[in-house]
Every structure is written in structure tokens, then in C-alpha cells.
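Engineer: Each chain, written out:
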Amino acid sequence: MRLRHLLSLIAVAACLLAAPLRGHAQAMPEASVKSAYLYNFALFSEWPDEQPGAGVVACAFATSGTAGALVDLQNKPIKGGRLQFRTLAQHDSVRGCQLLFIDGIPRERWKQLRTEMGANPVLTVADNTDAQYEGAVITLVRTSDKIAFNIDAAAARNARIVLSSKLLRLARNLQ
Amino acid sequence: MTAVKPIRPYQPGRPLGKRIAMATVVTAACALILASAMLMVFQFLSQRSALVADLTVQARIIGNNSSAAILFRDRAAGEEILAGLSASPGLQAAALFDRYDGTLARYERAGAAPAALPSLELLSQGYQYGVGHVDVAQPIHADGRQVGHVVLRASLEQLYTRLFVFAALTLAVAAGSLAIAYLLVSRMRVEVREAEAHLQFLALVDPVTGLPNRHAFNQRLTDALAHADHGRSGVGLLLLDLDNFKIVNDTLGHDNGDILLEQVAQRLQESLRETDVVCRIGGDEFVIIIEQGMAPVAVDADRVARKILVLLAAPFDIDGNQIYVSASVGVSLYPRDAGDAQTLMRSADTAMYHAKSNGKDTFEIFQPEMHLRAEKRMRMEANLRRALEHNELQLHYQPQIELASGRVVSVEALARWTCNGQPISPAEFIPVAEESGLIVPLGRWVLRTACEQAAQWREAGMDVRMAVNLSARQTKDAGLMHEILSVLDETGLPANQLELEITEGILMENVNANLELMRSLQQAGIHLAIDDFGTGYSSMSYLKRFPVGQLKIDRSFVMGIPGEGAAIATAIIAMAHSLHLTVVAEGVETADQLAFLREAGCDYVQGYYFARPMPQEGVTAMLREQAGNTEPAATA
Chain A
1 MRLRHLLSLI AVAACLLAAP LRGHAQAMPE ASVKSAYLYN FALFSEWPDE
51 QPGAGVVACA FATSGTAGAL VDLQNKPIKG GRLQFRTLAQ HDSVRGCQLL
101 FIDGIPRERW KQLRTEMGAN PVLTVADNTD AQYEGAVITL VRTSDKIAFN
151 IDAAAARNAR IVLSSKLLRL ARNLQ
Chain F
1001 MTAVKPIRPY QPGRPLGKRI AMATVVTAAC ALILASAMLM VFQFLSQRSA
1051 LVADLTVQAR IIGNNSSAAI LFRDRAAGEE ILAGLSASPG LQAAALFDRY
1101 DGTLARYERA GAAPAALPSL ELLSQGYQYG VGHVDVAQPI HADGRQVGHV
1151 VLRASLEQLY TRLFVFAALT LAVAAGSLAI AYLLVSRMRV EVREAEAHLQ
1201 FLALVDPVTG LPNRHAFNQR LTDALAHADH GRSGVGLLLL DLDNFKIVND
1251 TLGHDNGDIL LEQVAQRLQE SLRETDVVCR IGGDEFVIII EQGMAPVAVD
1301 ADRVARKILV LLAAPFDIDG NQIYVSASVG VSLYPRDAGD AQTLMRSADT
1351 AMYHAKSNGK DTFEIFQPEM HLRAEKRMRM EANLRRALEH NELQLHYQPQ
1401 IELASGRVVS VEALARWTCN GQPISPAEFI PVAEESGLIV PLGRWVLRTA
1451 CEQAAQWREA GMDVRMAVNL SARQTKDAGL MHEILSVLDE TGLPANQLEL
1501 EITEGILMEN VNANLELMRS LQQAGIHLAI DDFGTGYSSM SYLKRFPVGQ
1551 LKIDRSFVMG IPGEGAAIAT AIIAMAHSLH LTVVAEGVET ADQLAFLREA
1601 GCDYVQGYYF ARPMPQEGVT AMLREQAGNT EPAATA
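Those sequence lines, one after another, are chains A and F. The first sequence begins at 1 in my numbering and counts up one residue at a time. The second sequence begins at 1001 in my numbering and counts up one residue at a time.
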């Protein structure tokens, strides 16, 4: 039993070591890709009330398929501080969230949240790979070979969030 | 200037000017090449650094722009960013690597090798040089963390091309400036060469005649002797001295003297063969080097000497005047007479001296006895010096008789010398004294002794005028006047009892200076007479200007009586009387001569017919007798 545990650890370590050597995003699990995207979005965005070294608070619903992978973002260094990750229940308040991952909730709840947040500076990232959420600042979509994203500049402006031009140029679609 | 035979310039090697020009151009070329090479290296290094700096900036910009693409692993965006590099022509390849060294995007110019994963060295240094390219790597940061790196590879081809163009341009400019420098230096060299040639000319050519000068002559003679040694032949050396050049110079001026020299030089050149060389080595001295031809050199030298004398005999036309010039030529032969140039020259000089003493206008070939004679002269000079110091000379006096009264009115003081019991003729020792300078103390002694004697006779009641000869050297002595006056003062002899005789030749040698001397002598009351009249070149106008009271007809004319001398004596007497001068005839030896001179109206006579030169006792006795006897002694 103990030996099996050890062997599986070695196998996992080997996989972890081999992965960067291969260097292919496609090889990674989709949840990890989305998780990395989320982190990168936070990196290339600027909030109006941003404090240096304060880090970023990212929230996702526990019902999201990606929630498990997102937990890994907890305490990741970002902008001189650390990323705090909160898992929300479907009807939890999103107050305090700077980045909100929209997945695993009904579209009605999303509409409700949009009204609730109004013009609050929240970078909303909707995962439309399987669902249809509208009006988020960033929307993840699936293309033939990878996950891409669209950006709604009006929504970003509404939330007073400045997205880096580097991010904008990567967007598959810019509205 | 007359036609000059080409002068062989004396050259120790390649001319200085050419060597300087070569050295200058070679030095300039070396300096230019070195400077160009250094400039090229500097250009290469600085352009390469500039290229690296440019590439680094480009890499930073790309790195900055591509951080998101790296993070999102967006290959298309990465490649799009890199594609912008196509505008940079030197850039060959570029690549974006992510944090795990995975290649995100690549860019390659057609045909170029892809950019490789950067080495550690490249990463730490930021750049790395290859042979034909340079690699630059820059890290890509996002949020302060390194997320990957960008690598650029640029070809150095463009740099090399630019460098090559630069090198070509530099070389072209260098070659152009060298060519200009060479032209300038060449032109300068031509000028230097001309200056050199002119200096050579000045150094080797006599400017008056255009003949080689003494310096060139020494060189030529040395060459000729070496040539003769080589070919076992001989060399003849002719030393030519114009006999009366000084008179021409003094009477017609230096310019005309130069013209005469030029004409003489021309005639000399005409008389020579192609191989013979004529040089002017001094005032009126010329030398001719005769190299042996078909005939023995002695024959040629003899022939040339004769020819020269004949050629010079024709009158020269100087400034409208017909000038007659003669020359004395000394000939010496190599190797017969001398073993080296110096001795050869001395031998020719000795021979020339003999020609001069043999009456001028002639030539003499050197004989070994001439050296013996020269030695004899030297011995005589030593003896004469000793004789003067020990007062071994004597004065004899030759009476001059007034024809009208038959009385002894004056005596001529004549130096006599008996050496080791052997009487020596004044004709022998006076020239020696003249040459050695002993004539000055000798003349002083004669003057003093003669004046003392005259004063003694005067004290004894026998008034007689004392005639003393002045030598050429004495007339040039600035202290002469003072000396004469002090002798007169010391002896108490009245000035009018002293008569100074100057030969016509000496008088005409330096007319102006002598005129001044004679005027001051006349003012002192001293009588003046021109000795040896008729042998020199007296100008009648000068004769009128000279304050002389008496002419002495040269003994050569008196000896010609009866005969051709008679006419000359008659003419001189007539001319002298018309100029209010009295006339003395020298060397009267016969009754016939006396009768003729008396008839011609000559005032005074002097000669063996009446009395030889005699010691003072003889003259004293004669004067006593004359004082006691009113009958003229002469007619006795």
C-alpha cells in the first residue's frame, strides 16, 4: 500500500516534470488552462481602486467545473501581493470580488448578479465554452484547437477596468 | 656666358632630393595604410556594438509586447509580433521561448536557419557574436517575473558590406591623396633638383668665364691622373698666367677685365681638343689638362702651349680698345715630373715661373733643374736675410753726369752683396728679396744708408743728389712716406737732395695709389724719376699727371745706339722736354753713344763710360777732384 502510494507519487512528479518540457497547452487539462487564463487576465487588468501590494481577490462558484483547478490559484503572487481565491455558493454575495468567474450558475442568477454589481469594478469572466452568459467583460470560448477569449470593451469601460493592450490584441473578438 | 662644356657633376650617390621624395611618399603610404586599418577596425567594432544595441532594443520591445502572448501561449499572436521584424533587413531569425524553454513562436527570413534555444552564456551576456551573425537574447517579464525570453539573430552581412564600401572609399581617398602628395613631392623634387644642379654649377663653375673652377679642376685632375694610371698613359698640365692682366684691369676697369678673361677663355677652348679641359683657377690663372691621345703627351703639351701663345697673340677687342695680352705657360707632365696632383701642379707652377722670368710671353716645360734653381733661391733668401741682419750688404754709387757741365750732379745708390766671398748680382738677389718680402727691410736700409752718405758729403761741402730706387712692395707700404720723412729728418738731408726712382712698370700697376704717393712726395720736395722708361705701358695722359721731374731712358735703348735705339732715345728726349722733364740716359758705354745723346739734347748720362758703381770712397775722391778742378772730369 505504501509502496503503491510512493509509486503513484513518482508517476505524478514525472508527469509534472514532463509537462513543461512538452510545453503544449493542449496537453494540459482544460480546467488548468482556464485557471491559468484567469490568473493572466488579472495580471493584465487594472482596477480603479487598486492598491499596490494588495493582491487580487478572485471568486468562483463552487458549482463551476473549474472550481477545483481554481483553488490552486490561492496565494499565487500577483502585482506585489497575493491572489485570494474565494469559492462562492450560488446565492453568496459577490461583494469584495475583483475578479468573478461566471460558470456553473443559471443564466438568471447571472442576470441578477449583473444588476447587483451595476458599475462596480469587477472583472467578470464568463465561461461560454459550455454555456451562454452575456455581458461579461471577458468571455471564454472554445475554438477548434484551444480555448480563446472575447473582450467586451464596453463592459470593461462600464466596470472602469482598464485592460492591457497586450491582452486586447490576444482577444479573438473585440466588441 | 660662353658655351660651356658639360660639367660632370660630382655625385656621391642618388641625389638627395629623389631619396627624400621616395622616403616621404613611402612614409605617407605606410601611415595612411596603418590609419586606414585602425579606422576599419574601429568602424567594425563600433558598428557591431551599435547593431547589438539596436537588436537589444528591438528584443526588449518584442519581449515587452509578447509577454501576454507567452502567458496565454498564443502562438498566432507571438508570430504576428515577430512578423513585424521582416521590416528589419539584417534580421535573419527570431524566436519566443516560454518559461519552460518551449518555443512559442518563430520567425525566419527565407533560407535562414531558425533561431536556436539560447545558451546560458548568451542569456547571461545578452548577446553573442558568430562569424557571420550576432545573437541577442532578452528575458520577457510579466508582473516582475520572467515568463520567457526572446532571441534575435541578425546577419553581419550588411555590416560587412558597409565596411567593405568604407574600406574601398578609404583606399580610394588614400590613393588619391597619395597621388596628389606624390605629384606635389615630385614637383618639389624637380625644384630641388634644379636647385641642386644650380648649386653644383655654382660650386664647380667659374661665373666669369663659364669654365670649371679650381674646385672642379682638382676633381678633374684627380680623375685624369687615375685614368692615366689605369691606362698606363700620361697627363700634361699647362699652367697659364696672363702677363699683364692687372694693367688691363686697372686701366679699363674690372668689367672689361672680366670681358677679357671671357674672351681668353673662349680662345683657349677653341685651341683644345675634345678631351682636353681648361679651367680657371684664379684671377688670371688658367690650367689645361691634356690627356694622352695617339701621340706622347709631351708632344701634345708642347703643341698646345705653342698654339695658345699664337692664339693669344692676336689683339682682343675690349670696349673698342685693341688689347694685346701675352701669357706665360708652365708645362709639367705626369708621371714624368710628379707622382701626384699636388706635385704636378707645383712643377707646372715652377715652370711657369721660369717662363715669366724668361721674359714672359713664352712657355717652359718643367725640368728637374728648375727645382734645383728654386732650392737655390731659397738658400739665397736665407743668406740674404742673414746678410741683412748682420749688415753684410754694401751700397755702391754710380755717378750721373750733367752733359752741359760735365759735372757729377747726382749718384744712384745700388745695393751690393758679397756672399761667402762671392759677389751676387742685384739681378739675382733683388727678385728674391721682392718675392720673399725682404725688399722691405732692404729698401729701408738702402734709403737710410744712402741718405746718411749724402748728408756726409753735404757736410764735407760736396753737394750731390742721391737717387734711390723704390721697389713695388715699398710703394704699397702705407708707412713709406712717414719713413722717408723721418730718415730725412734724422740725417738732416734736405728733401730736394733726394730723388726717388720708380720703374714705369711699377708705376702703371696701380696708377691711382701711386699718383697719390707721388703727389705727397712732391709736396715734401722730393724729386721723382721714372726708371726704365719705354719698357712699360705708360699712357701719355698719366705722364702729364704724374708729378715727375725726370725720365730715365732704359739701358736697352741706349745700347741700341747707334741703330734702332737712336730713334727711340731721340723721341723720348723730345717728348720729355716738351713735357718739361729732364732726361737721364742709362748704360752709356761708348763715346759714340755719348756723342749721340749730347746731340739729341739728353740732360744727364750714367754708365760705365764715365764711372762704374763704386764704393763711397771712390765717389768721395771723384767729388773732391771735381771740387778742386773746375774742368769737367767727364771730358778728361
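Think of the hints as simulated: they come from the structure by calculation, not from any bench. Think of the CB as a built atom: it goes at the ideal place given N, C-alpha and C, for glycine as much as any other residue. It is possible that part of the hints are untrue.
What the hints assert, rightly or not - If you want the ones that stay clear, here's a sample from chain A, every Cβ over 12 Å from chain F, calculated:
1. Gln112
2. Arg114
3. Glu134
What the hints assert, rightly or not - Here are some of the chain A residues that sit facing chain F, going by a computed Cβ distance under 8 Å:
4. Tyr37
5. Asn40
6. Val71
7. Lys79
Engineer: Of the numbered hints stated earlier in the document, which are not met by this structure?
Structural biologist: Violated: hint 6 alone.
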